[in-house]
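**Q** The chain contents come next:
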Amino acid sequence: MRTIKLFSVLAFSTTLFFPVMASAQRARDNDGGGRNSGVQDPGIRVGEINGQPGATATSPLPVASVVANNPSGSLEFFQNGLARFQEVESVSNSPSGNNGLGPRFNFNQCSGCHAQPTVGGTGPAINPQFQVIANGIVIGGTNTIPSFITADGPTREVRFPFFFNSNGNPNTNAPNGGVEDLFTVSGRTDAGSCRLQQPDFARALATNNIIFRIPTPVFGAGLIENLDDSTLLANQAAQAGNIFGISGAFNRNGNDGTISRFGWKAQNKSLEIFAGEAYNVEMGISNEIFPEDRPLPEEELKSGLPANCLNLTGTGYPEDTTNFSPTVSSSDPSAVNASIPSDVVQFAMFMRLLAPPTPSTTTPGGSASIARGQAVFSAIGCATCHTATINLTQPSNFTPSLGSTPVNAFSDIEIHHMGVGLADNVSQGSAGGDQFRTAPLWGLGQRIFFLHDGRTTDLLKAIEAHESSGSEATQVEENFDALSPSQKQDILNFLRSL
Amino acid sequence: MHTKSSHSLLLLGLALSLLAQAPNALQSGRDFSSSPQAQKIPTGVVLVKGAWSSASDSVTPLPEGGAVANDVYSNQYFGLTYTLSPDWTEKYSGPPPSDSGYYVLAQIRPADTFKGTSRGSILIAAQDMFFTLTPARNALELTNYTKDNLNADYKVEQPPTEVRIANHSFVRFDYGSPTAELHWHVLATQIRCHMVQFIFTGRDTKLAESLIQEMNQIKLPAEASPTSGTGGDDVPTCIKDYASDENVMERVDPVYAERRFNPVPVRIIIDKEGKVKHIHFLSAFPDQAKAITDALFQWRFKPYLLDGKPEEVETGIMFGRAPRPTTPPSTNAATK
Numbered sequence: 433m434r435t436i437k438l439f440s441v442l443a444f445s446t447t448l449f450f451p452v453m454a455s456a457q458r459a460r461d462n463d464g465g466g467r468n469s470g471v472q473d474p475g476i477r478v479g480e481i482n483g484q485p486g487a488t489a490t491s492p493l494p495v496a497s498v499v500a501n502n503p504s505g506s507l508e509f510f511q512n513g514l515a516r517f518q519e520v521e522s523v524s525n526s527p528s529g530n531n532g533l534g535p536r537f538n539f540n541q542c543s544g545c546h547a548q549p550t551v552g553g554t555g556p557a558i559n560p561q562f563q564v565i566a567n568g569i570v571i572g573g574t575n576t577i578p579s580f581i582t583a584d585g586p587t588r589e590v591r592f593p594f595f596f597n598s599n600g601n602p603n604t605n606a607p608n609g610g611v612e613d614l615f616t617v618s619g620r621t622d623a624g625s626c627r628l629q630q631p632d633f634a635r636a637l638a639t640n641n642i643i644f645r646i647p648t649p650v651f652g653a654g655l656i657e658n659l660d661d662s663t664l665l666a667n668q669a670a671q672a673g674n675i676f677g678i679s680g681a682f683n684r685n686g687n688d689g690t691i692s693r694f695g696w697k698a699q700n701k702s703l704e705i706f707a708g709e710a711y712n713v714e715m716g717i718s719n720e721i722f723p724e725d726r727p728l729p730e731e732e733l734k735s736g737l738p739a740n741c742l743n744l745t746g747t748g749y750p751e752d753t754t755n756f757s758p759t760v761s762s763s764d765p766s767a768v769n770a771s772i773p774s775d776v777v778q779f780a781m782f783m784r785l786l787a788p789p790t791p792s793t794t795t796p797g798g799s800a801s802i803a804r805g806q807a808v809f810s811a812i813g814c815a816t817c818h819t820a821t822i823n824l825t826q827p828s829n830f831t832p833s834l835g836s837t838p839v840n841a842f843s844d845i846e847i848h849h850m851g852v853g854l855a856d857n858v859s860q861g862s863a864g865g866d867q868f869r870t871a872p873l874w875g876l877g878q879r880i881f882f883l884h885d886g887r888t889t890d891l892l893k894a895i896e897a898h899e900s901s902g903s904e905a906t907q908v909e910e911n912f913d914a915l916s917p918s919q920k921q922d923i924l925n926f927l928r929s930l
Numbered sequence: 440m441h442t443k444s445s446h447s448l449l450l451l452g453l454a455l456s457l458l459a460q461a462p463n464a465l466q467s468g469r470d471f472s473s474s475p476q477a478q479k480i481p482t483g484v485v486l487v488k489g490a491w492s493s494a495s496d497s498v499t500p501l502p503e504g505g506a507v508a509n510d511v512y513s514n515q516y517f518g519l520t521y522t523l524s525p526d527w528t529e530k531y532s533g534p535p536p537s538d539s540g541y542y543v544l545a546q547i548r549p550a551d552t553f554k555g556t557s558r559g560s561i562l563i564a565a566q567d568m569f570f571t572l573t574p575a576r577n578a579l580e581l582t583n584y585t586k587d588n589l590n591a592d593y594k595v596e597q598p599p600t601e602v603r604i605a606n607h608s609f610v611r612f613d614y615g616s617p618t619a620e621l622h623w624h625v626l627a628t629q630i631r632c633h634m635v636q637f638i639f640t641g642r643d644t645k646l647a648e649s650l651i652q653e654m655n656q657i658k659l660p661a662e663a664s665p666t667s668g669t670g671g672d673d674v675p676t677c678i679k680d681y682a683s684d685e686n687v688m689e690r691v692d693p694v695y696a697e698r699r700f701n702p703v704p705v706r707i708i709i710d711k712e713g714k715v716k717h718i719h720f721l722s723a724f725p726d727q728a729k730a731i732t733d734a735l736f737q738w739r740f741k742p743y744l745l746d747g748k749p750e751e752v753e754t755g756i757m758f759g760r761a762p763r764p765t766t767p768p769s770t771n772a773a774t775k
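If you read the protein sequences in the order shown, they are chains R and D.
Numbering of the first sequence is given in the numbering used here, commencing with residue 433 and proceeding in unit increments.
Numbering of the second sequence is given in the numbering used here, commencing with residue 440 and proceeding in unit increments.
Misleading hints may appear alongside valid ones.
[What the hints assert, rightly or not] Here are some chain D residues pointing at chain R (derived, C-beta under 10 Å): (1) I480; (2) V484; (3) A494; (4) P534; (5) S537; (6) S539; (7) A550; (8) L581; (9) N588; (10) L621.
[Claimed, not checked] In silico BS3-like pairs for lysine-lysine, Cα to Cα no more than 30 Å straight-line: (11) R:K893 to D:K554; (12) R:K893 to D:K729; (13) D:K479 to R:K734; (14) R:K734 to D:K488; (15) R:K893 to D:K488; (16) D:K729 to D:K741; (17) D:K479 to R:K893.
Rather than coming from a laboratory, the hints here were simulated on the basis of the structure.
Glycine included, C-beta positions come from ideal geometry on N, C-alpha and C.
Generate the whole structure from the sequences, applying the supplied hints.
**A** Here it is, written out as structure tokens:
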């Protein structure tokens with residue numbers, strides 16, 4: 433059984449500081465003149481979080497029917513999922529039962545990384561991974577903060593595209609691509625005798641055998657989950673006559689061949705799989721979807737995790753399970769049903785019921801500029817992949833707002849070749865090393881870091897990165913270059929209105 | 440939140456833990472501190488490819504095999520030679536062929552030496568008509584499909600119309616976006632059962648017209664036509680669905696090493712004796728390509744006869760998961 437512990441300070445401070453941080457970053461990133469002279473990313477949109485009155489840094493809104501608690505109990509499940517999403521996990525000594533962290537992990541709380549502009553979003557302005565030693569989450573004597581984790585940089589997940597040879601050089605005939613967790617529990621008082629070394633990030637950097645991923649925001653994820661394959665295929669066919677050099681594919685689930693859709697490469701089929709994998713890979717917590725503790729890819733090739741790093745909770749596996757007995761909350765005695773499912777189920781429910789962001793019609797730049805920007809965005813071909821609306825979801829058996837609803841995600845959910853400039857040499861499912869899912873753009877107006885690795889905070893640079901050899905988006909980027917400065921500014925204003 | 444006392448406890452725990460573990464090195468991970476100089480993975484190259492194009496031999500020309508050299512785009516497969524306008528160049532190459540048979544053949548743009556005041560670009564693309572996701576059967580119908588699927592923000596400036604370029608028949612379709620102040624001029628024909636497109640994009644229609652005029656220098660095979668273009672002469676005749684039951688005399692199914700679900704479009708050339716001479720995978724994982732190659736070289740076809748004489752024939756086969764049926768055919772016929 434678990435009690436709910438809110439951990440809001442970090443997210444709150446994020447809200448206070450991000451405009452300042454992002455402004456400073458923009459100053460570093462800005463084009464120094466040339467073809468985009470005078471065109472500037474308006475920066476993170478100020479105003480209501482997700483464009484939604486009532487949303488706060490720790491309380492995002494669910495979809496409308498859940499706000500109305502339709503069906504009865506759905507609001508309880510959403511709030512329970514939201515609270516669990518903010519729980520701080522320990523290895524073994526949490527009095528509230530939030531145990532199972534590690535032995536390897538990237539952070540100890542979902543909402544630490546999914547924080548911007550509110551819980552469920554993407555990386556915040558102040559990177560919590562940079563503070564893990566200062567905050568006692570990891571022990572400095574056994575862990576160091578990797579050089580690519582910085583105070584105001586993006587929260588990051590790391591992968592080594594290739595395994596290393598015995599001489600320490602990457603073997604390009606041995607693709608790896610698995611997550612290399614940043615930290616270990618070694619040295620924590622609740623981690624027993626487990627002694628693990630961090631991956632050799634310095635060597636990976638020296639050999640260029642390292643890539644990064646930032647958290648994908650999950651607002652509106654329930655709508656994406658509820659799109660039938662036929663809807664996605666019809667959209668693909670409707671775009672097949674485009675004249676922009678674009679022809680995407682779908683990533684497909686390895687079990688049943690249907691379209692998968694979550695993650696940077698659309699590698700995950702459902703929100704429950706997405707949640708289960710993240711709990712296991714990012715936080716090291718075994719669960720009903722991924723039932724064992726996860727070693728690093730190179731550990732897996734050898735003998736797995738050492739015995740003294742297994743079953744650190746002392747209660748067996750999986751560390752997150754269905755709760756056979758409900759928890760009766762003194763503050764809300766009726767809220768018992770939602771306490772029964774496992775964390776993973778409730779994480780998925782939280783994401784599923786989470787409302788998509790509401791775009792602004794006036795900010796930044798005014799309504800006329802935003803409207804022009806959207807029209808130009810569509811005309812030059814951006815919307816061929818970043819499809820404004822993919823028709824309607826299926827009827828939903830969860831809650832009415834998820835059913836028969838247009839999905840204004842600005843994504844076709846296809847994977848596209850993005851060229852050598854963005855390629856990360858990681859294959860996931862049928863997505864190759866240069867293929868990425870069209871990133872949904874809803875909520876972009878309040879994001880800080882862009883592209884899969886968070887390499888820039890400047891929207892203009894993110895657009896420019898779409899062109900390189902091998903990219904399907906090169907022609908569209910060339911069309912963008914052909915626009916006047918005011919038209920480009922309209923597009924940036926439109927994007928920041930989302 | 441940790442208190443000071445909990446920090447002290449943590450530090451004490453750490454110290455005790457370090458003392459207790461001192462004889463044992465940290466487990467797992469890797470330490471290459473004494474290794475030789477690091478060899479960097481090259482940037483600007485895709486080393487881990489997903490489904491990609493490949494072929495059973497390196498001699499037979501492929502649609503994606505064209506290139507810009509000495510200011511000329513040449514494509515041996517399509518028998519196409521296109522001289523670039525002065526000060527225009529290819530900066531970035533295109534993506535690999537898609538699993539629905541789409542090719543970006545070349546992307547031409549002004550070079551740094553270009554003196555003009557208005558930018559523009561030329562996209563040369565192709566669509567294998569055997570694998571299109573649309574109901575179109577030829578380049579003319581596919582151009583109409585593009586027109587029919589334009590959103591309302593565009594303004595059609597010239598509906599698809601047959602024109603002559605360098606003594607070859609093309610379909611030309613012009614449209615623009617009043618909001619973006621850009622114009623698109625699409626010229627398409629069909630060669631070897633592929634729609635081959637030249638798309639001129641820019642703000643300046645005069646610039647586009649001058650570039651289109653320069654297309655009169657283009658060299659194309661005699662077959663090029665938006666409604667036919669089915670090979671012949673020096674290249675095999677292309678026939679959709681030639682690998683049907685009535686023509687396949689011996690068929691061996693591929694034995695896959697791994698279960699995958701991606702579409703695998705394959706073009707094959709069948710020789711005069713009915714044997715598979717050449718296999719081109721537009722998009723396949725290497726293990727799929729190997730399994731299909733091993734199988735296809737065992738297939739035997741009824742030889743294709745033209746005027747009673749056996750001839751080479753080119754056709755397409757979709758292995759793996761074929762895309763689902765698409766939207767109904769357009770009812771909006773093009774003008775001629």
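**Q** Take the hints in turn and mark each one as holding or not.
**A** Hints versus structure:
Satisfaction of the interface hint for I480 of chain D is found here, the shortest Cβ-Cβ separation to chain R being roughly 4 Å, below the 10 Å cut-off. Residue-level restraint check for V484 of chain D holds (minimum Cβ-Cβ distance to chain R is 6 Å; threshold 10 Å). Taken as an interface hint, A494 of chain D does not check out: its beta carbon lies about 18 Å from the nearest beta carbon of chain R, beyond 10 Å. A hinted interface residue such as P534 of chain D counts as satisfied when its beta carbon comes closer than 10 Å to some beta carbon of chain R; here the least separation is about 4 Å, so the hint holds.
Evaluation of the S537 of chain D hint against chain R yields a held restraint, the C-beta minimum of about 4 Å falling below 10 Å. With 10 Å as the threshold, the beta carbon of S539 of chain D comes within range of chain R, its nearest partner Cβ sitting at about 6 Å, so the hint holds. A least Cβ separation of about 13 Å between A550 of chain D and chain R goes past the 10 Å threshold, and the interface hint is therefore violated. A cut of 10 Å between beta carbons decides the hint on L581 of chain D: the least distance to chain R is about 6 Å, and the hint holds.
Annotation: N588 of chain D was flagged as interfacial toward chain R, and the flag holds, the nearest CB pair being 5 Å apart, inside 10 Å. Because the beta carbon of L621 of chain D sits about 6 Å from the nearest beta carbon in chain R, less than 10 Å, this interface hint is met. A C-alpha spacing of about 26 Å is found between K893 of chain R and K554 of chain D, which places the hinted pair at or below 30 Å, so the restraint holds. Pair hint K893 of chain R plus K729 of chain D does not hold up; C-alpha atoms about 41 Å apart against a cutoff of 30 Å.
A C-alpha spacing of about 25 Å is found between K479 of chain D and K734 of chain R, which places the hinted pair at or below 30 Å, so the restraint holds. For the given pair, K734 of chain R sits about 26 Å from K488 of chain D by alpha-carbon distance, which is consistent with the 30 Å threshold. About 26 Å separates the Cα atoms of K893 of chain R and K488 of chain D, which keeps this hinted pair within 30 Å; it holds. Under the criterion of a C-alpha separation no larger than 30 Å, the hint pairing K729 of chain D with K741 of chain D is consistent with the structure, at around 24 Å.
The hinted pair formed by K479 of chain D and K893 of chain R meets the criterion: a straight-line CA distance of about 26 Å does not exceed 30 Å.
Of the numbered hints stated above, those contradicted by the structure are hints 3, 7, 12, listed in ascending order.
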